[in-house]
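Chains A and B, in that order, give the protein sequences. Anchor point for the first sequence: position 101 equals 101 in the numbering used here, and the numbering is continuous, going up by one each time. Anchor point for the second sequence: position 682 equals 682 in the numbering used here, and the numbering is continuous, going up by one each time.
Check each hint, because a few of them may be wrong.
Calculated pairs, DSSO-like style, for lysine-lysine (alpha carbon to alpha carbon, straight line, at most 30 Å) [as the list claims (entries may be wrong)]:
| id | chain 1 | residue 1 | chain 2 | residue 2 |
| --- | --- | --- | --- | --- |
| 1 | A | 108 | B | 367 |
| 2 | B | 732 | B | 642 |
| 3 | B | 732 | A | 219 |
| 4 | A | 219 | A | 230 |
These aren't lab readings, by the way, just hints derived from the structure by calculation.
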Amino acid sequence: MRAPYIVFRKGERTEMKGRLHSIETFGAVDGPGIRTVFFMQGCPARCLYCHNPDSWKCDGGRETDLEEILYRAERGRPYYGDKGGVTFSGGEPLMQGQFLIEAMTALKERGIQSALDISGTYVDEYTRDALAACDLVLLDIKHPDPERFEIITGCKQDTLFEVIDMMNELEKPCWIRHVVVPDINDTEEDIEALNQFISKIRNIQKVELLAYHTMAVNKYGKLGIVYRLKGVPPMDKGRLDELKKLVRVPEK
Amino acid sequence: MRKEWEGFVPGRWTEQIDVEEFINLNYHPYDGDDSFLAGPTERTKECYARVQELLVEERKAGGTLKVDASRIMRVNAFGPGYIVPGKDVIVGLQTDEPLKRGICPFGGIKMVREEVAEYGEKLPEEIDRMFDYITTHNDGVFKAYSKEMKQVRHLGYITGLPDAYGRGRIIGDYRRAALYGIDYLIAEKQKDHEMIASRHVMNEENIRTAEEVFNQIKSLKEIKKMAEAYGYDISGPAKDVKEAIQWTYFAYLAGIKEENGAAMSMGRTSTFIDIYAERDLANGVYTEEEIQEFVDDFILKQRVARHLRTNEYNELFGGDPMWITEGIGGVGLDGRHKVTKNSYRVLQTLYNLGPAPEPNLTVLWSKDLPEPFKKFCAQVSIDTDSIQYENDDKMRPSYGEDYSIACCVSAIQMGQQMQFFGARCNLAKILLLGLNGGIDERTGEHVGPQMEPVGDGPIDYEDAWKRFNIYLEWLCELYVNIMNIIHFMHDKYDFEAAQMAFLNSEVKRLMAFGVAGFSVAADSLSAIKYAKVYPIRDENGVIVDYRTEGDFPKYGNDDDRVDEIAVAISERTIEELRKHPTYRNSVHTLSVLTITSNVMYGKKTGNTPDGRRAGTPFAPGANPMHERDSHGAVASLNSVSKIDWNTCQDGVSNTFSITPEALGKERGERIETMVGLLNGYFDRGAHHLNVNVLNRSLLEDAYENPEKYPSLTVRVSGYAVRFNALSKNHQKEVIARTFHQSK
Chain A
1 MRAPYIVFRK
11 GERTEMKGRL
21 HSIETFGAVD
31 GPGIRTVFFM
41 QGCPARCLYC
51 HNPDSWKCDG
61 GRETDLEEIL
71 YRAERGRPYY
81 GDKGGVTFSG
91 GEPLMQGQFL
101 IEAMTALKER
111 GIQSALDISG
121 TYVDEYTRDA
131 LAACDLVLLD
141 IKHPDPERFE
151 IITGCKQDTL
161 FEVIDMMNEL
171 EKPCWIRHVV
181 VPDINDTEED
191 IEALNQFISK
201 IRNIQKVELL
211 AYHTMAVNKY
221 GKLGIVYRLK
231 GVPPMDKGRL
241 DELKKLVRVP
251 EK
Chain B
1 MRKEWEGFVP
11 GRWTEQIDVE
21 EFINLNYHPY
31 DGDDSFLAGP
41 TERTKECYAR
51 VQELLVEERK
61 AGGTLKVDAS
71 RIMRVNAFGP
81 GYIVPGKDVI
91 VGLQTDEPLK
101 RGICPFGGIK
111 MVREEVAEYG
121 EKLPEEIDRM
131 FDYITTHNDG
141 VFKAYSKEMK
151 QVRHLGYITG
161 LPDAYGRGRI
171 IGDYRRAALY
181 GIDYLIAEKQ
191 KDHEMIASRH
201 VMNEENIRTA
211 EEVFNQIKSL
221 KEIKKMAEAY
231 GYDISGPAKD
241 VKEAIQWTYF
251 AYLAGIKEEN
261 GAAMSMGRTS
271 TFIDIYAERD
281 LANGVYTEEE
291 IQEFVDDFIL
301 KQRVARHLRT
311 NEYNELFGGD
321 PMWITEGIGG
331 VGLDGRHKVT
341 KNSYRVLQTL
351 YNLGPAPEPN
361 LTVLWSKDLP
371 EPFKKFCAQV
381 SIDTDSIQYE
391 NDDKMRPSYG
401 EDYSIACCVS
411 AIQMGQQMQF
421 FGARCNLAKI
431 LLLGLNGGID
441 ERTGEHVGPQ
451 MEPVGDGPID
461 YEDAWKRFNI
471 YLEWLCELYV
481 NIMNIIHFMH
491 DKYDFEAAQM
501 AFLNSEVKRL
511 MAFGVAGFSV
521 AADSLSAIKY
531 AKVYPIRDEN
541 GVIVDYRTEG
551 DFPKYGNDDD
561 RVDEIAVAIS
571 ERTIEELRKH
581 PTYRNSVHTL
591 SVLTITSNVM
601 YGKKTGNTPD
611 GRRAGTPFAP
621 GANPMHERDS
631 HGAVASLNSV
641 SKIDWNTCQD
651 GVSNTFSITP
661 EALGKERGER
671 IETMVGLLNG
681 YFDRGAHHLN
691 VNVLNRSLLE
701 DAYENPEKYP
711 SLTVRVSGYA
721 VRFNALSKNH
731 QKEVIARTFH
741 QSK
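Using the sequences and the accompanying hints, generate a full structural model.
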């Protein structure tokens, strides 16, 4: 059973706090158009190639509140055009479902669209309402195969299915994202497995294959965390373009 | 009506000089896309290849290919010159060979002697000796300067004063030559002269103006002679698009033959020329390919224009710029946009002739520009890094619909206004001077009003702000007076008759002041206000450094706490400047623009309370300090957009570098994002944006291997340069700037 939540209304102040890793006021690669991206702090997954390892700990980052979110979102408004808006990324933003529900509801009242950039590694009593409150889900499917999913993320795949079920019930528009890493998931078979996997998702607008890159390696050194993909080269762009041709976006 | 005007809608413009009305009655706004454009012809490719060869030779020669000191640059000092003899379709060079530079000594013979010596040439004795009897602009200025004026100049409180060479920033309305022909312009000037010279009160202003107009008439006659040497009779109006381009170019060329002004803009010619192009296309006179070829050659001529400079000058204004600025697009007062096919053709030259810094192509952006044009501009920016944008919606209410851009970012009404420009005052140094109570932090010299320095700290913000204002007040008075002297002497000893001949005889004048160290001053005051700043003194008690405890908001993150300080600095500066009367009743304006002098200003400034180390370059123009804008591009742009253009009507320059990946994953997406970025920024009321779409690693590679990147062009601050033409110090500063990238 999920707990009831309080809807934030105009003029009503909330004391609720969120935890924030960082803000990118100009995001053009996390959802459609130009977006204000809030990277939320805290993540249950420990993905091998995570490029924000400093967003893992739930007590890291800094505190934020609705006022800050709304202020930053408003400051970006002239840049959004028809397509842009706000993206909550992370970390895993659904770990702060209650805060996001408030934030996205308040943004919607102001006519600003929200996207949720999630990994399907976390579900709680707020997840469904958070998914309902957003306009678009960016669902990062780490791997279609349960065992390899666990190797990459350190999490079971069960929550991913729960999230997909909720999205399907809500008929939520979504973009599928999938990071392609050399020797881990860069074969034709891997892409075919992805095609099979996403064929059960109902409202896919776009599938993005993203190239694994090594730009975050230095962050690991600074944080004293071992980088487990050491020696794996960045994904070849040409090869990725070939794989992109194999992707099938399922019919609605 | 004259035969050459057949097919044009007549109006007031047929009875008096009124190019603006001619354009409005006759231009055709173009809403389509770029699909009509033509590529380069074989002839264009041949001429372009020749220019490329010459550019390689020029770089190998250390930046200057050839110097001819045998004669003084005048309109007819040199006979005709060509890029490829027999192949030029638009003709005319400054000297008799491309990239060959001549001498312009009337701004200052001293500088010419230095220039010539640096290139191993010798000034002919008869020229050298002439200046025993001739006073130059430079001589005049230094006869009038006070000791204190010289002191603030050499200590670096005011830098870049045009007191040793041509002042530039004048834009003749060269279109007049094409529309009316030179004879009509001469007749009009003769009428003006008679009117002014027969006034009842012959005061200083009238006497001076009468003499100036007389000199303009002389210049117009010389320009006709110059055209004759190239086989053209330009006494009457141009009869087709080729002639319209040629006449306009001749008029411009005379100006850059005679004057080595720091910035020599072209104006706003593209939509004017389109009227002729449309008429010729309709009458089958020329094809699209032919018209593009004329435009390509016109642009190629502008790319080989050069002035002889000293090394010292190049350290201040890097990259050998001419600032041949051309304004493209914009919207008219009747609401119709001014984008024409020729607006596209001019941008197309960046494909036909490759990317290049000159001419300084400036898109006058409005929310009402047609969508296909916005996309085309964004595409050109992404592909070439060669264009800049200015907010037409912001400038039009003050400057009307027919203004152009002087130098980098400064609006001037075509034909009706001129600008007295000069230098920047160093805001960061003014703050340091205030904290030190009138002792220069680098030399220990006493300068300005003397007072007790600040105590041991933490420095009180109210006290620091008060001190900053005391010294700002003192320096602004000095600054206005220095500018008055410079422009008085320039008018007197180095009057730009060939350029002024294409302006109204009695022009309105702007006096454009500037500031540097803008973000450093704002961040330093923010540090004092929001962190704890303790002065560190040397053995003589002079504050030479600061210890800053705690964090503070930094300009460039859309944080009002510090952005309000930045806004207040700009407002206080123009208020102080306006208190002091100007030469010839010119209107005070202010710019936040540094060109590449941010490197030199930084060199002359000690440690600052924001943590910047002594000698480190400032951020250019109104840019946030390097890498301090950490919340992404929109926050950075939003901070700059708060600087009100009405306070800084000479321009608020922002140079922006972003990686292609950060704009989106595919080309179409990137173009759309760029359009969205420009729409948002200018909707916020911002004034100017230089756009670079590139990776830092590319510049680092170009720094190490210049020969691999012969035509790599980057926007620096209100203009573009070939990266290779910058000094290593300037290159390093450009590399150190913030590159907005995807997280």
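Item to check | Structure versus earlier hints - violations, ascending order | outcome: Violated hints: none at all, because every hint is consistent with the structure.
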